[in-house]
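Trainee: Residue strings, one per chain:
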Amino acid sequence: MSNEQKYLSESEFDALVRELIASGKRVVAPVAAEDDLEPQADYRAVSDPAKIVLDGPLPRRSLKEFFLPATEALLRWRLKKGDVALDETEADYPETVVVGASPCDAAALPTVDRVMDWDYRDEPWFGRREATVVISRACPGRDSSCFCPVVGLAPDSTRGADVMLYPSGEDAGGYLVEVITERGAALVAAHSKHFQAPREPAGVARLREEARARVDGNSSARPDEIRRWLDKNFEHELWDRLAERCHGCGACAAVCPTCHCFDIVDEPEGGDSGTRRRNWDTCQAAVFTLHGSGHNPRETQNARFRQRVLHKFAIYPERFGEILCTGCGRCVRACPGGMDLPEILEELGRLATSSQSAGGTP
Amino acid sequence: MNLYTPHPVRVAEVIDETVDTRTLRLEFKDPAFAESFDFKAGQFGEYSVFGAGECTFCIASPPTRRGYIECSFKKVGKVTNAMRELEVGDTMGFRGPYGNHFPLDRMEGDNLLFIAGGIGLAPVRCVIWNALDLRDKFRDVTIVYGARSVGDLVYRRELEEWAGRDDVKLWQTVDPGGETPDWKGEVGFVPSVVEKAEPKAENTYAIICGPPIMIKFTLPVLIKLGFTKDRIFTTLENRMKCGLGKCGRCNIGPVYVCKDGPVFTAAQLEDLPPEF
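Here the protein sequences line up with chains W and V, keeping their order.
Numbers given in this note's numbering equal positions in the first sequence, counted from 1, plus 85.
Numbers given in this note's numbering equal positions in the second sequence, counted from 1, plus 24.
One should not assume that every hint holds.
[Said to hold, decoys possible] Cut-off 30 Å, straight-line C-alpha distance, at most; resulting in silico cross-link-like pairs (DSSO-like, lysine-lysine): (1) V:Lys208 to V:Lys240; (2) W:Lys317 to V:Lys240; (3) W:Lys166 to V:Lys102; (4) V:Lys98 to W:Lys166; (5) W:Lys165 to V:Lys102; (6) V:Lys99 to V:Lys283; (7) W:Lys166 to V:Lys53.
Hints in this document: simulated from the structure, not taken from any laboratory.
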């Protein structure tokens with residue numbers, strides 16, 4: 086680590102959050118989901134640091150909705166006497182500090198930035214990005230569905246984070262703080278009284294190692310090999326059966342930190358006014374690509390699932406140099422049909438290896 | 025306003041093409057924007073009826089005719105049904121132009137062969153008028169146009185005009201059974217009429233648009249006539265929402281129809297995965 090470091094105690098963490106809230110900023114953090122039998126967490130705007138659960142489970146949904154809301158108004162229209170008045174709906178985006186982002190969620194943000202600024206700049210996305218500082222917390226490594234190492238990340242990756250917190254591993258709590266970006270430095274400087282001189286608690290390195298060890302063995306898939314295989318095998322018998330368990334419900338896309346596909350629809354409010362909205366969409370739905378003529382280029386669930394795999398592991402890497410996946414494992418946990426992306430990547434990896442040893446696919 | 029905000033346009037003219045196909049002429053309401061608006065033949069836009077939503081169509085009028093744009097559509101869904109209800113003076117939205125275009129600059133000095141089927145004439149018509157408005161820049165202009173029946177031919181007035189011009193060779197055809205007693209054109213499918221028209225491939229660019237089945241059977245005819253795949257251009261359609269390379273649905277493998285297309289050469293199509 087060559088970045089600036091600090092130490093933040095448990096009580097100063099609470100004081101920092103209180104100060105951020107008092108300064109008018111929206112603080113988004115993992116909080117316990119209420120009324121659940123099993124412990125669950127969600128990212129929510131908080132008004133009290135006591136609600137924040139940094140050492141709880143991975144939030145059920147990613148941070149995506151704070152940058153690309155599940156539904157957002159793009160514009161409002163009012164028709165009057167054959168003319169139309171168009172109103173901007175939301176040009177001001179709330180100053181936000183995310184506290185306790187999971188590294189797999191923070192990493193998705195710069196990845197999705199690429200498609201949102203591909204010669205046309207998506208102002209709503211960047212409006213929110215620019216108004217937000219992300220403080221990540223090193224992840225303890227969750228469960229067997231985690232596969233961030235496959236996509237080149239780790240439980241302590243700083244990608245997408247402005248500030249990184251590493252749990253001290255001490256009974257008293259507290260964090261080793263690493264300042265990653267200028268935006269992070271500005272935040273730390275503005276609230277400097279809460280941060281102490283750096284010291285590296287002995288527990289930090291141990292926890293980081295344990296976290297990595299917890300997820301490293303989950304998958305041995307190699308995305309570069311898989312991509313080479315995908316590039317040559319658009320048509321392969323594997324695609325004829327892979328999605329047999331897929332219901333096409335799109336839960337995977339909803340919980341995915343990188344899935345960003347959207348629909349644009351009009352919602353009339355009475356006869357002469359209404360809202361044009363952008364809503365999350367999913368490539369797993371048949372209507373996603375349905376033509377007006379009735380023709381559908383992706384007619385089967387298998388074809389739609391192939392699109393999901395290709396978009397993440399071949400198309401996006403080719404267009405933008407990034408894998409469109411952070412290995413968070415939410416798609417596995419959310420799938421009612423038991424589709425398991427890391428398992429599928431393993432299978433693709435095996436095919437890739439065997440086709441290489443067989444002298445390559447024609 | 026963000027990049028999804030449309031420009032208000034006024035319906036200036038409503039032209040019925042067939043029983044279920046209509047053309048709208050649209051004028052930008054903001055005079056300054058109307059003045060600055062420019063596009064190239066083959067580009068498309070997102071047209072919207074406030075309350076019904078947006079829909080993707082090519083700009084069917086040529087960039088050489090300034091002050092308006094036209095779109096031709098068939099009534100098939102929510103937005104096109106709402107467009108069908110519009111009258112002269114009504115307001116719509118338009119955002120664009122998006123996508124690439126036919127490289128007409130590169131085609132200057134050469135012959136042009138246009139082949140279209142059904143409403144596939146819309147994007148081709150844009151290029152035809154663009155070329156005819158700059159007639160000196162091109163050599164022979166040949167048009168082969170077919171529809172299922174006489175009643176399905178679109179741009180009837182313009183077909184008559186092209187038929188009457190001595191600097192345009194027009195072949196019109198309808199599918200067998202689609203002719204009327206007074207039909208003077210060909211009877212037969214587009215590929216066989218192209219074969220009959222026997223356009224010379226030398227120094228010629230082909231621009232083709234129509235139903236996939238028409239394109240599929242016309243390409244081998246063109247190849248047989250000596251056209252190379254990099255001189256055959258077509259335009260693809262796919263369901264789109266943003267038109268800006270973001271909403272994630274129009275891709276064919278790694279190719280985004282909205283950004284890399286909609287205009288492709290036959291050579292480029294050959295490299296695409298079979299998913300369109």
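Trainee: Each hint needs a verdict: does it hold in this structure or not?
Mentor: Each hint tested on the structure:
1. V:Lys208 to V:Lys240: OK: V:Lys208 and V:Lys240 at ~27 Å, within 30 Å.
2. W:Lys317 to V:Lys240: Answer holds: W:Lys317 to V:Lys240 is near 24 Å, not above 30 Å.
3. W:Lys166 to V:Lys102: Holds - the C-alpha atoms of V:Lys102 and W:Lys166 are around 23 Å apart, at most 30 Å.
4. V:Lys98 to W:Lys166: holds, 27 Å
5. W:Lys165 to V:Lys102: holds, 22 Å
6. V:Lys99 to V:Lys283: This hinted pair holds, its Cα atoms lying about 26 Å apart.
7. W:Lys166 to V:Lys53: holds, 14 Å
This entry satisfies every hint, going by the numbered hints stated previously.
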